[in-house]
Structures are given as structure tokens and as C-alpha cells.
Amino acid sequence: MAKTVDAARCKSCGKLMYPIHFYCLACKGREFEPVPIEGDGTLLTWTRSYALPLDYAQLFLTLGIIQMDQGIRVTGQLDIADPKTGMRVRAHVGKVRETMGKDIHGLIFQPVRG
Amino acid sequence: MIDELEAMLRPPKLEMIPYPPKSVVLANGETMVIRQASTDEVDTMLKIIQPVTWLERDFYDIVSARVFSELLGWKKYRVRNAYCLVGTIDGVLAGIVNGRLFDERYGISYHTLALRRGLRVGSHLFAAKMEYHIEYLKQEEVWIVAESPIGHRRWMIEYPLRPKYEIQHELGGAPSWTLTRETYFAAKPRLVTGTRPVSAELLATSYPIKEPDLQTFLVQIEDTMEARL
Amino acid sequence: MRDVAIVGVGTTQFGRAQWSLLKMMCEASHDAITDARIGDREIDGIFVANMGAGRNNKTLGIASALVDRMNLYPTPAEAIENGPASGASAVKTGYMAVASGMCDLVLVCGGERMREVNNLEATECVSYISHRYAEYVYGVTLPALAGMFARLYMQKYGVTQEHLAMVAIKNHDHGFVNRKAHIRERVTMEGLLHGPDVANNNPYVADPLRFYDCCPVSDGASAVLLAPASMAGDFAKRPVRIAGVGQATDCQAVHERPDPTELPAVRIAAQKAFQMAGLTPADIDVCELHDAFTILEIAESEECGFFPKGEGHKALERGETRLGGKLPISPSGGLKARGHPVGNTGVSQIVELVLQLRGEAGPYQVPSAKRGFAVNFGGFGNNVVATVLSEGV
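Protein chains in written order, with this note's numbering: chain A, 1 to 114; chain F, 1001 to 1229; chain S, 2001 to 2393.
In case anyone wonders, no lab produced these hints; they're calculated from the structure. Just so you know, even glycine gets a beta-carbon here, dropped at the ideal spot from N, CA and C. Please note: incorrect hints may appear among the correct ones.
So the derived label-pair ranges between C-beta atoms look like this [what the hints assert, rightly or not]: (1) F:1148 to S:2155: 35 to 41 angstroms; (2) F:1215 to S:2177: 19 to 25 angstroms; (3) S:2194 to A:57: 31 to 37 angstroms; (4) A:22 to S:2360: 47 to 53 angstroms; (5) S:2236 to F:1148: 46 to 52 angstroms; (6) F:1140 to S:2118: 31 to 37 angstroms; (7) F:1047 to A:84: 51 to 57 angstroms.
Pulled out of the complex, with its shape left as it was, chain A reads as follows (with noise of 0.2 angstroms):
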């Protein structure tokens, strides 16, 4: 089964959150069902980071926030060399960080093409 970033909408009303919250952030209900974070957004910023963490040894990484056309809004890696915000961006799940050598998958963005 391909690997899925899951948003949550609510059950009761329909709200779609990310990150996850014990209780709908509309309704306060508590039953929701995992929406996976796919398709297309809006980059509204970025950075190339160059002070890493542990388990990265590349000269910088290069994040962003993304307004996806979903509703909601991430934080994911870029995999786009010159970002500029406003560009349209689209989502795959890769991996993201490796810890422990456990890989973790998360959203990487590239850039629409066209």
C-alpha cells in the first residue's frame, strides 16, 4: 500500500484539519476519517536551511508552506531548486528524514510543470 500523509475530516461536519486535534476544530466532535494530502498548492514560503539536525548531511535543505487546493496547509520538503512564493507546487510522498536507520515519509513538493 503506497505510503499516504493523512489529513483528518471531521465525521459530524465535514472540517478538514491538519495538523490532527483531538477534537473537531468546527464542531469539537471526536470521529473523523484520514484524508490523504495529495494533488496541488500554492507555495506561501520558504527557506533554504542550512543549520541541519542530526540525521542530515547535506549542505542545506530547502522547506516551505504550501496552501493546498485541498482546503488545508502543510509544511513539506522542496525539491525545486529557485522557489519563489505564489509558484504552483505539487505534493508526493517520499522520504523525508532517516532516523535510526527507520526511514520517515512525508510531502515533498515539486514544481507544476506548464
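Go by the hints and put chains F and S onto chain A.
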């Protein structure tokens, strides 16, 4: 005239173009002159770094002890094709870098000893050393190791360096890392700065090498709260 | 609720310590106790501020360890962990203990020894503040969050790299005369941004933030003694009253905030502190803000109500926030130059303000300072504590 035995003990010499001095403006607005040192200046440098050979903090003991022996060996003609670059601020010694040529193609980086902390003196001098090997001595590669794992990791990632484990570095035989010409030129805009030429007036301020005030100098190097109390 | 006064203060040098974390904390506590001249009085409550000892110093239950080291048993003691706002949270907790009548003499001691571990480990430790699943796993660090915030803020309000450098230059100038500051080196615009060697002097850490836009990793400890205002006369020094405390929280994940350039927790915490004190920003003579990143000093100066939104950098440009200006911000050097022993910072901000309001700040004294304000920024702005101090009782 050198007698036969002495001549045998002296290594053969390669032609080495002198390093053209440059100046850098540090974060605090002060100017550091980076220039080549001559063997005449070794005694002054040995006197300055000797007290540091007892400071365990940040590998200062082993690095300065090794630089001491390298400079002494260079002065006494017992090291092949070695050089030394110094950084001075108002003539006061701020840092030393050194190395040698293995042959025309390959260089060996020895050490980077920063005596003035907090202004990235080591970073400026290391870059100057790489500039010397690649751009002026026209070498293809520089072999590098480091005593400090954190220090080494920084250069390893920043340039980046490539492993060349088949070569034992002569500083203890640890596997070498290498900086290639290609990587140097790609990193150059990011890492190699400085202004040339240096005016005769500015260059004159870097002669002779002046000792830093020992107390201030040791407190700086020690870099601990307790030392500053 | 009783009025509460600060009757004693103490702080170590900040920087790189050879002393252990506990020893630093004992030294700061001892200095506060000596400062107050408590005589026979017994400390009846101890609150400790620390963030990383569990990870960096192999110490848990740190308040108990401090009590033992200072042989203050059987005094009740516990630690407060609120990320970088641990300090102000601990002072707030101490305040509540005295105000409620539960305690008559409280020691609040903060300490952090980040440099017991290497830089990588320290960065990793601080990155635990971010949201574990939505931020941390991506390699997000606090500088990365600050970089993304800065990019948006600069775009929205026209703040430039030069404005950020001005904060660093100002705070380094302030720290230069503070003998307890971590960094005592002045910096110049030429060295940081305009000169030929910027790439080596001031490289990017999380663009647009550069090396000199980020505070150093510091070790250090500070302490304050709190007593009911009615008993303040029993102690040696002029008392300073805690006039108001406010705290507020916000979403942890920066991306989830409706407008990621806003810092509502800062705004609400400041408003609540001012309301409790019966004062306004115009009444404040001196501030110690939380400049972990230069952009934050500018943003906080606006959110706390000192300048309208988008005008903070203009006030900075006019020199208003420098020592000698209309509203000196961080005359001690701030987190940028005084240093940032993370869990301790909130306590040290209070110590600095008390020195100002007593007239004991020496070379960086704000003349006739009567009311001071501090903001301690926890998480990345998702847990903020603001404190208003007033001279005398």
C-alpha cells in the same frame, strides 16, 4: 655552502608561485591581511603558539603542537615544498594555515589554527589555503583531514569534500578527504572572498608579526565563562 | 491576591561554561540570596526553569537536584518546562505561589547548559519544540521556522536585510558594555552585509536569515527571589513589583496559523499583562524582548503595542530603540549578544529589568527607568509570557 650530508637530508624543491596577499573585512569592521609567511617569521610564530599547546579545549593542544613542529620542520628544511599563510589584524597574528605539495598535481592541507575567535578567521584562512593550492599552485586536488570531528564535518558538507580513503593522510595515517578543482570552483562564489591587491600601506601593517597580549589571547582561546571572570 | 516584589537577583556570565549546569544554578541562586540579604529567613518555595537538561545534561528532576546541591531540603521545589519561555513561566509560577499566600519567600532559578553537547545535538534538541509529525520529521528547526516567517514578514512590511542587521548591530553595541554578555564584539554593516567578505562573515542560516540574525547557543543561569510586597522592606535592595503577567498560546504548527505573519500569542499575552498592571505600552521605559532571531525583535515590538504593525523597523531605523532613544529595547544586549541559555532566558530578562529599575545597570542604564516590560517567546510564538515590572512598592 651546505655539506653533503646536510644536502641529503634536505628534500628536493618544487617551484612555488608566491601567494598574492589579500584583505578581508571581518564582521566587526576590522581588516585582516592574509599573506604568505616566510621561514624568518617562524620563531615569532612558535613563541606565540607555544602557550596554546597546553590547552585541551577544542583540540588546541594537538593542533598547535603539530603546527609548532610543522613550522619548525619547515624552517629547518626538513619538510618538502611546504608553505604557511597568516592572517593578521593590525599586525597582530589572528590565524595560521599551512600545508605542502605532495607533487605538482596533489597538495596536502595540514592545519588551520585560529587565534582570534568569534570572527570566522578560520573559515577565511581555510578558504585562502584552498585558493592557493588550486588557483595559484594550479593543483588538481588537495588532501585533507582534521583533528576535530565537528570541524571536519563542516568542511565535508560545505564544499563538499569527497572521500579518498585509499590515501593515508600523513597526519597520522587517517583516511583522506579531497577537494577537487571542480568542487573548488563551484564553491568559490560562496566560500572564497577577499580583496586584491593589498595597498603597500596596508601590507606594511602586517610586518612584523606582532604577538597578541597573552592574557587576552588565552582567555579568547579558552572561550569559557570561567576564564572571563 | 497579594502584591509580589522581586527582592533579590543574580546571574552568571553567559557563554560557554566549564562549570556544570547545577553549579551555575547554585552560583546564580547564591548571588540572588546575597543580593537580598535574606538573613534568617527561609526560602519556602523553589521553582526551576530549564528546557533541555533531560536531553543534554543527563538530568531529570532538576529542581530536586538543585535543592540537594544547595542543601535547601526540605523546601518544596519543582521545575517548569515551557521551551524557551520556561524562564518567564517559572517566574509567573513563583509569582502565583507568593500572591496566593502559599509562600512567603520564593527562589526562581533558571539554567541551561546547551554546550555540554555539540552543535548538532543542540540544534536537534531545540527542534523538538516544533510539531513532531507536521514539522520535525521534515528536518524543520527553529531557524527554519524563523526563516519562513521572516520571508513573509519582509515581503509584507518592507523590512529589509539592513533592518535585520541594524537589530544585530544595536544589540551587539549594547552587549559590548555588559560584562556578563556572551558576545562582546561590535559588528558593522560593512562586515555583515555591504562589504566584500559577507559570504564568509555572515552566511545564510535559513534564508533570508543570516548568521548574525540568529542568537548564539549559550550556557548560563539566573535567579530571582520573590516576596510579598508588604515584606519587601525587610530586604536589602529597593524592591521591584511584578505589576502584571500575561500568557497566551497559539497553534503549534506555524502553517496552521490563519496569518503566519501574525503573533497573536504575543499580542494577547502583552495585553493581559498591561491590563493586570493597569498600564499601557506608552508607560514603559525599557524593554527586554525575545530576539532569538533579529526579525522577532521587530515583530514583537509591534505585537506588544509599542509601534503600529509594520512600523517597528522604521522606529529601529530612527534609533528609537537604541540605548539613549525613546524606548530602549534590550539594553543588556538581548538574546543576540547577552546570550540565550534557552530555559533560563525568561529569568535573565527579569533580572536585567530589575537592575534597570533599581538604577544598577551601570554602563547600559536607561536613565530614570521606572517601568519595564519583558516578553518571553516559547515554541515558535505558540506559548508566550509577558511581564510588566514597576519600580518600588
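Results of checking the hints against the structure:
Evaluation of the 35 to 41 angstroms hint for residue 1148 of chain F and residue 2155 of chain S yields a pass: the beta carbon distance comes to about 39 angstroms. At about 20 angstroms, the beta-carbon gap between residue 1215 of chain F and residue 2177 of chain S stays in the expected band of 19 to 25 angstroms. In this structure the supplied range 31 to 37 angstroms holds for residue 2194 of chain S paired with residue 57 of chain A, their Cβ-Cβ distance being about 33 angstroms. Between residue 22 of chain A and residue 2360 of chain S, the C-beta spacing of about 48 angstroms keeps the proposed range 47 to 53 angstroms intact.
The beta-carbon spacing between residue 2236 of chain S and residue 1148 of chain F, approximately 47 angstroms, falls within the hinted interval of 46 to 52 angstroms. Range check, residue 1140 of chain F to residue 2118 of chain S: about 33 angstroms between beta-carbon atoms, so the 31 to 37 angstroms window is met. Checked against the hint of 51 to 57 angstroms, the C-beta distance between residue 1047 of chain F and residue 84 of chain A comes to roughly 56 angstroms, which is consistent with it.
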